[in-house]
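Residue numbers (the numbering used here), protein chains in the order written: chain A, 631 to 780; chain B, 631 to 780; chain C, 631 to 780; chain D, 631 to 780.
If you are wondering where the hints come from, they were derived from the structure by calculation, not from laboratory data. Here the structure is a predicted model, which is why all the values come from computation and not from measurement. Take these hints with a grain of salt, some might be off.
Any copy will do: because identical chains look the same in the list, a pair fits if it lies in one copy or spans two.
[Said to hold, decoys possible] Straight-line distance between alpha carbons at most 20 Å, and here's what the computed EDC-like set of lysine to aspartate or glutamate pairs gives:
no.	residue 1	residue 2
1	K739	E759
2	K739	D750
3	K727	D750
4 protein chains.
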Amino acid sequence: MDFKTLDPSFEQRVRDSFARQAAMALIGASMTRVAPGRCEIELPVREDLTQQHKFVHGGVVGMIADSAGGYAAFTLMPADASVLTVEYKINMLAPAKGERLVARGEVVKPGRTLSIVRADVYAIEGARETLVAATQQTLMVMHGKSDERL
Amino acid sequence: MDFKTLDPSFEQRVRDSFARQAAMALIGASMTRVAPGRCEIELPVREDLTQQHKFVHGGVVGMIADSAGGYAAFTLMPADASVLTVEYKINMLAPAKGERLVARGEVVKPGRTLSIVRADVYAIEGARETLVAATQQTLMVMHGKSDERL
Amino acid sequence: MDFKTLDPSFEQRVRDSFARQAAMALIGASMTRVAPGRCEIELPVREDLTQQHKFVHGGVVGMIADSAGGYAAFTLMPADASVLTVEYKINMLAPAKGERLVARGEVVKPGRTLSIVRADVYAIEGARETLVAATQQTLMVMHGKSDERL
Amino acid sequence: MDFKTLDPSFEQRVRDSFARQAAMALIGASMTRVAPGRCEIELPVREDLTQQHKFVHGGVVGMIADSAGGYAAFTLMPADASVLTVEYKINMLAPAKGERLVARGEVVKPGRTLSIVRADVYAIEGARETLVAATQQTLMVMHGKSDERL
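Produce the complete structure using the sequences and hints provided.
Below, the structure written as structure tokens:
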């Protein structure tokens with residue numbers, strides 16, 4: 631699908647917002663790609679992100695999926711709006727292990743009030759990518775509430 | 631609802647497993663209550679857990695909900711089993727801010743293979759509790775795979 | 631939880647709307663109870679509602695859960711608004727069989743724009759109630775669009 | 631994605647099972663396409679399938695999505711197994727109106743015990759297709775329980 635942005639500076643706006651998410655710094659996530667309706671977030675696997683079986687904690691997988699999805703939607707929102715996660719659903723498909731995880735969000739349907747996004751998370755080990763989680767998410771556009779000043 | 635455990639040592643088993651979750655230590659979460667079919671996890675609010683609007687990141691809210699729900703189900707599982715999150719759905723209801731968050735998981739239906747749980751997350755500020763997230767979760771019992779040795 | 635309605639005629643408004651749902655007549659569902667923030671829908675089990683194993687089709691279970699949840703939210707909306715299902719998630723917990731099914735919706739959090747509801751579906755056989763499905767749902771308030779004239 | 635079936639007679643098995651779903655006959659749905667990991671179900675729009683605004687009831691949309699998803703998963707299961715919906719999540723994206731609806735299910739990840747599927751529902755009016763719903767679903771394989779005799 632091909633999406634049109636309303637805001638030519640969408641990439642800077644999205645990257646600035648991501649940079650303000652302290653929780654992404656805590657886990658070591660970075661935003662590797664932003665395009666209209668799409669966003670990719672990468673997370674190097676670290677020992678302190680794991681659950682009891684030494685895989686990355688499902689909640690951490692959810693964190694990067696939520697962010698990749700939310701920012702995919704945010705690319706299509708007007709410059710004076712901010713984005714809010716209404717809800718998401720995540721299926722865990724395989725143990726989250728390897729060198730790093732990559733969450734790829736893609737808008738399914740942008741809307742004036744609500745946007746629907748799917749984000750998939752892959753575990754990467756060398757040249758091999760394994761799908762580890764699949765999400766479907768609902769985001770809300772907060773018009774007139776700049777992300778920066780909320 | 632009143633649940634019966636199959637394992638009289640369920641509390642120790644659950645607390646030991648939680649203690650092995652490095653990701654819970656990273657965010658500063660602790661397990662405050664365990665009972666048959668129920669589990670409570672508490673998270674002091676910290677600056678490094680926030681998103682761009684300085685509320686606790688939705689993914690972090692999801693982390694403690696996922697853990698509270700998963701361990702609520704785990705209390706009812708046999709001693710030689712481990713627990714796996716199949717999927718969860720989370721609705722964000724209010725900004726996650728205050729002194730601390732508390733996630734309370736409660737089993738809706740325990741099962742031999744799958745268990746269904748609901749976990750709600752509250753933000754606490756002084757004497758005031760605000761519901762900030764509601765989840766519904768599916769867990770899988772991994773028979774014969776002790777949580778410790780998986 | 632105790633909810634306050636904005637519209638003293640909420641019950642009539644909800645029942646009138648339900649009466650306009652042809653699909654509920656097709657499957658034989660009726661609205662058995664309406665209260666602020668709550669709604670109950672009943673469905674006698676019929677052969678023509680079943681799936682391949684002769685239990686009531688999961689989608690039919692979803693229909694009455696969706697309606698019970700949506701109307702529970704609708705009780706708390708202003709008189710000039712209509713209600714729209716944004717999304718729902720449903721867990722199937724047991725085979726839907728017996729004399730009749732009852733879906734009970736209860737608002738978790740009412741909101742100006744979005745409302746969150748949980749609805750559970752029970753199968754009834756004589757004096758016995760079995761929980762067969764659990765849902766969590768997001769509804770949208772459409773202000774200024776009367777349900778009758780949309 | 632390219633899927634391999636375990637059962638060369640998968641199409642007959644799937645079509646026979648669908649033919650046993652009385653609820654699909656009640657609403658007038660038919661199975662228009664079956665392929666490994668994929669299934670399509672079509673529903674002519676009828677007055678008696680609508681909700682209060684004269685669009686097809688969300689629960690009916692859920693019915694065909696659930697069936698398309700479940701049978702997409704069922705194509706990849708062994709001949710002696712049956713399929714059970716564990717849960718699904720559905721987002722309503724646009725009013726379900728037009729000449730007919732088409733639900734297209736596609737497996738995201740097949741598994742020995744659990745399979746994950748996405749199904750999208752389109753409304754068709756002449757040459758125009760509008761995405762009206764998006765689902766993500768978890769199915770369970772019931773080994774050794776033939777769909778026919780369960």
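How the hints compare with the structure:
In the homo-oligomer, the alpha carbons of K739 and E759 lie at most 20 Å apart only across protomers (14 Å), although the nearest pairing inside one protomer, at 26 Å, exceeds that limit. Within a single copy, K739 and D750 get their C-alpha atoms as close as 16 Å, and across copies as close as 12 Å, so both meet the 20 Å cut-off. Taking the shortest Cα distances, K727 and D750 sit within 20 Å of each other inside one copy (15 Å), while across copies they are farther apart (28 Å).
The structure agrees with every numbered hint stated previously.
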